[in-house]
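Chains Y and U, in that order, give the protein sequences.
Here the working numbering runs 6 ahead of the position in the first sequence, where the first position is 1.
Here the working numbering runs 6 ahead of the position in the second sequence, where the first position is 1.
For the record, the hints were derived by calculation from the structure and aren't laboratory data.
Some clues are possibly wrong.
A pair counts as met if it fits within one copy or between any two copies, since identical chains are not told apart.
The calculated SDA-like cross-link candidates involving lysine to any residue, where the alpha carbons are at most 25 Å apart (straight line), are [what the hints assert, rightly or not]:
# : residue 1 : residue 2
1 : Lys368    : Glu118
2 : Lys9      : Leu26
3 : Lys376    : Arg36
4 : Lys270    : Pro242
5 : Lys270    : Ala126
6 : Lys336    : Tyr40
2 protein chains.
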Amino acid sequence: MRKQLLLTPGPTPIPPEVALAMAKPIIHHRTSEYRAIFEEVIKGLKYVFQTENDCFVFASSGTGAMEAAVVNLLSPKDKVITVQGGKFGERWTEICQSYGIEPSVIDVPWGEAVEPERIAEILEKDLRIKAVFTTLCETSTGVVNDVKKIAQITSKHKAVLVVDAISALASIELRTDAWGIDVVVAGSQKGLMLPPGISFLSISPKAWALVNEAKCPRYYFDLREAKRSLDKMDTPFTPAVTLVIGLREALQMIQKEGLENIWKRHALMAEATRKAVLALGLELFAPHAPSDAVTAVKVPSGLDGENLVKLLRQKYGVSIAGGQAELKGKIFRIAHMGYITPEDILLVISCLEIALNEMGYKVPLGKGVKAAEEVFGKG
Amino acid sequence: MRKQLLLTPGPTPIPPEVALAMAKPIIHHRTSEYRAIFEEVIKGLKYVFQTENDCFVFASSGTGAMEAAVVNLLSPKDKVITVQGGKFGERWTEICQSYGIEPSVIDVPWGEAVEPERIAEILEKDLRIKAVFTTLCETSTGVVNDVKKIAQITSKHKAVLVVDAISALASIELRTDAWGIDVVVAGSQKGLMLPPGISFLSISPKAWALVNEAKCPRYYFDLREAKRSLDKMDTPFTPAVTLVIGLREALQMIQKEGLENIWKRHALMAEATRKAVLALGLELFAPHAPSDAVTAVKVPSGLDGENLVKLLRQKYGVSIAGGQAELKGKIFRIAHMGYITPEDILLVISCLEIALNEMGYKVPLGKGVKAAEEVFGKG
Numbered sequence: 007m008r009k010q011l012l013l014t015p016g017p018t019p020i021p022p023e024v025a026l027a028m029a030k031p032i033i034h035h036r037t038s039e040y041r042a043i044f045e046e047v048i049k050g051l052k053y054v055f056q057t058e059n060d061c062f063v064f065a066s067s068g069t070g071a072m073e074a075a076v077v078n079l080l081s082p083k084d085k086v087i088t089v090q091g092g093k094f095g096e097r098w099t100e101i102c103q104s105y106g107i108e109p110s111v112i113d114v115p116w117g118e119a120v121e122p123e124r125i126a127e128i129l130e131k132d133l134r135i136k137a138v139f140t141t142l143c144e145t146s147t148g149v150v151n152d153v154k155k156i157a158q159i160t161s162k163h164k165a166v167l168v169v170d171a172i173s174a175l176a177s178i179e180l181r182t183d184a185w186g187i188d189v190v191v192a193g194s195q196k197g198l199m200l201p202p203g204i205s206f207l208s209i210s211p212k213a214w215a216l217v218n219e220a221k222c223p224r225y226y227f228d229l230r231e232a233k234r235s236l237d238k239m240d241t242p243f244t245p246a247v248t249l250v251i252g253l254r255e256a257l258q259m260i261q262k263e264g265l266e267n268i269w270k271r272h273a274l275m276a277e278a279t280r281k282a283v284l285a286l287g288l289e290l291f292a293p294h295a296p297s298d299a300v301t302a303v304k305v306p307s308g309l310d311g312e313n314l315v316k317l318l319r320q321k322y323g324v325s326i327a328g329g330q331a332e333l334k335g336k337i338f339r340i341a342h343m344g345y346i347t348p349e350d351i352l353l354v355i356s357c358l359e360i361a362l363n364e365m366g367y368k369v370p371l372g373k374g375v376k377a378a379e380e381v382f383g384k385g
Numbered sequence: 007m008r009k010q011l012l013l014t015p016g017p018t019p020i021p022p023e024v025a026l027a028m029a030k031p032i033i034h035h036r037t038s039e040y041r042a043i044f045e046e047v048i049k050g051l052k053y054v055f056q057t058e059n060d061c062f063v064f065a066s067s068g069t070g071a072m073e074a075a076v077v078n079l080l081s082p083k084d085k086v087i088t089v090q091g092g093k094f095g096e097r098w099t100e101i102c103q104s105y106g107i108e109p110s111v112i113d114v115p116w117g118e119a120v121e122p123e124r125i126a127e128i129l130e131k132d133l134r135i136k137a138v139f140t141t142l143c144e145t146s147t148g149v150v151n152d153v154k155k156i157a158q159i160t161s162k163h164k165a166v167l168v169v170d171a172i173s174a175l176a177s178i179e180l181r182t183d184a185w186g187i188d189v190v191v192a193g194s195q196k197g198l199m200l201p202p203g204i205s206f207l208s209i210s211p212k213a214w215a216l217v218n219e220a221k222c223p224r225y226y227f228d229l230r231e232a233k234r235s236l237d238k239m240d241t242p243f244t245p246a247v248t249l250v251i252g253l254r255e256a257l258q259m260i261q262k263e264g265l266e267n268i269w270k271r272h273a274l275m276a277e278a279t280r281k282a283v284l285a286l287g288l289e290l291f292a293p294h295a296p297s298d299a300v301t302a303v304k305v306p307s308g309l310d311g312e313n314l315v316k317l318l319r320q321k322y323g324v325s326i327a328g329g330q331a332e333l334k335g336k337i338f339r340i341a342h343m344g345y346i347t348p349e350d351i352l353l354v355i356s357c358l359e360i361a362l363n364e365m366g367y368k369v370p371l372g373k374g375v376k377a378a379e380e381v382f383g384k385g
């Protein structure tokens with residue numbers, strides 16, 4: 007007998023309430039019954055996004071919503087800024103380039119946050135810049151960018167701010183309207199506690215003004231058509247019905263707990279995780295701007311990071327993530343987003359202690375768990 | 007207490023085995039466990055598509071796979087043929103035009119199949135035509151097109167044949183390789199008995215040759231990247247994990263029943279449905295080329311078709327579909343695709359008899375059911 011604990015940065019565990027809602031007999035989407043569900047979902051999304059802007063739901067992974075942001079705002083040869091510093095920041099650059107858009111790339115060392123002033127400098131020098139693309143939580147490095155400050159900068163310019171909040175939404179603080187973010191994209195399989203398969207996009211009036219002049223070709227992700235449908239609580243194409251029904255359930259749970267309480271829970275779990283790994287003598291990969299959604303830890307030298315992840319999954323049933331791209335084998339990532347509790351953190355730290363010792367990297371048993379317990383004790 | 011019977015042309019009912027498989031704790035997709043599932047799914051899809059070609063799975067509705075076909079094969083200003091004759095044929099034209107591709111549109115009266123010779127004529131006159139887009143089963147009209155004959159024509163030309171088999175796959179005969187279809191796209195929420203949210207595309211070597219020269223911009227639906235991932239049993243972006251796991255279950259059911267038996271079951275249910283509505287004095291909307299996946303029936307004059315659909319759903323728990331676009335209120339559609347049995351057909355015909363009488367259109371009670379029973383009796 008073995009239990010599975012999923013502490014990966016997407017998919018995250020599905021609450022039983024959500025799984026059961028999705029297992030009910032499916033309904034047709036062009037019915038008043040579905041429209042009522044969809045209306046509730048849109049309302050709940052606006053709460054989670056902290057926005058009065060239009061919110062759209064696509065049947066796609068989060069990358070689909072990223073592409074939707076690019077193709078609906080821009081035309082080939084448009085100038086934009088993309089903030090790199092991880093795999094998902096790079097994705098903004100790749101999507102823009104695929105559509106002939108010309109990014110000024112801000113290259114941030116992996117593990118560091120972008121200095122907002124670098125964005126201000128480019129915006130002041132090049133008045134043609136139409137959009138700034140960044141991540142809020144860079145899942146690949148465990149870094150959180152200061153999007154609040156970036157929004158203060160973009161709001162003084164004609165450029166719109168587009169934020170990948172895929173692994174941040176419903177985990178860490180995000181105030182779309184109060185901060186002045188124009189476009190936010192998100193996915194289902196992170197803080198929203200759903201399986202992957204639907205994605206989201208909110209868009210401000212400032213960004214809407216770009217949509218009609220944008221010349222990038224688009225059909226599946228066309229926001230103009232999506233807007234006409236949304237006004238009738240409909241979607242242009244068949245929605246992912248069961249995932250939307252699961253989302254209603256998840257949004258009810260989120261509203262019941264309260265967004266600020268959710269942010270606090272994530273902050274507490276993140277602090278406990280960081281304190282625990284430090285107590286074990288490990289190093290954080292992103293010590294200066296660690297995200298409260300996922301903690302990236304350096305693999306101690308001499309240890310095989312991929313094997314550590316495999317050992318934890320195969321022997322202890324605890325799934326964490328390894329590093330991606332240039333970080334493969336060099337870091338491991340403990341996600342604490344979505345349907346995750348402090349008790350889950352105690353368990354992963356405990357299993358980590360055993361696994362590290364088993365692999366020959368001696369750490370004092372119980373020392374990490376103690377550090378985490380102390381954080382939760384005061385929380 | 008009320009039971010729901012879903013006889014709409016997508017979503018179709020989900021078998022309990024599939025619903026339960028999807029309700030199990032989610033797993034991470036970058037694991038050997040998921041790769042083994044994905045490998046089984048790809049193998050099963052090749053069986054259902056009747057092909058040795060590469061098969062791809064997207065997290066999107068069927069329209070996403072249609073867009074994938076267009077953007078991966080073509081460049082702006084390319085000449086193609088699109089076969090219209092319903093809402094989904096028109097979608098091919100719309101997607102092509104969104105990407106600056108120039109379609110020669112073959113306009114077929116709604117309710118009729120295309121005459122394959124019309125395609126041959128254009129191909130012989132205009133040697134620049136790179137692709138022919140058609141539907142196999144046109145869901146909006148209940149028409150089946152003679153794709154086998156169309157493929158005989160395209161195989162003599164440089165043009166590739168792209169078939170929308172979204173509502174045909176695993177319902178009516180489709181032999182991708184034996185017929186010589188280059189690209190087949192399909193969706194999950196029809197014959198495959200899954201919720202909507204994933205789509206599929208198979209592609210022949212003849213069509214692959216177009217992919218590298220195609221200049222339409224693309225990222226999320228880029229087959230080049232998808233192919234690099236597929237070779238490692240992976241996907242470029244997070245897959246819709248639970249739907250893929252449900253698909254494995256559904257494909258096992260399909261393989262157990264056998265594709266030819268499934269085609270026979272659908273043909274029998276379609277024949278029973280047609281005989282039943284004719285026995286009630288109703289008229290088929292597509293009498294010359296009726297699809298065995300969905301039967302479109304003319305709403306008798308004086309009757310409100312939308313109200314008939316509503317009455318059946320709200321009072322009897324039987325969901326059928328109304329007409330779309332120009333057929334709104336003029337036809338109703340009984341789908342018999344996927345997880346549907348002859349007994350379901352008996353029930354929908356029975357409820358239809360009651361509802362028609364209730365709305366003032368007098369039909370002899372039991373006469374339609376008798377006609378259906380006779381078909382099943384000999385089947």
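Open item on the list: I want to check one pair: Lys9 and Leu26. Are their C-alpha atoms no more than 25 Å apart within a copy, between two copies, both, or neither?
Closed with: This pair counts as both: shortest intra-copy Cα distance 19 Å, inter-copy 18 Å.
TODO: Go through the copies and call it for Lys376 and Arg36: within, between, both or neither, with a Cα cutoff of 25 Å.
DONE: neither (54 Å within a copy, 31 Å between copies)
- [ ] Tell me, please, which holds for Lys336 and Tyr40 at an alpha-carbon limit of 25 Å: within, between, both or neither?
- [x] Only across copies: Lys336 and Tyr40 sit 23 Å apart there, 46 Å inside one copy, limit 25 Å.
Task: Homo-oligomer pair classification [Pro242, Lys270; C-alpha up to 25 Å] - done: neither (37 Å within a copy, 33 Å between copies)
Task: Identical-chain pair category, Lys270 with Ala126, by Cα at 25 Å - done: For Lys270 and Ala126, the Cα distance exceeds 25 Å both inside one copy (31 Å) and across copies (66 Å).
Open item on the list: Checking an output row: Lys368 and Glu118, CA cutoff 25 Å. Within, between, both or neither?
Closed with: neither (29 Å within a copy, 75 Å between copies)
Comparing the model with each numbered hint stated earlier shows that hints 1, 3, 4 and 5 do not hold.
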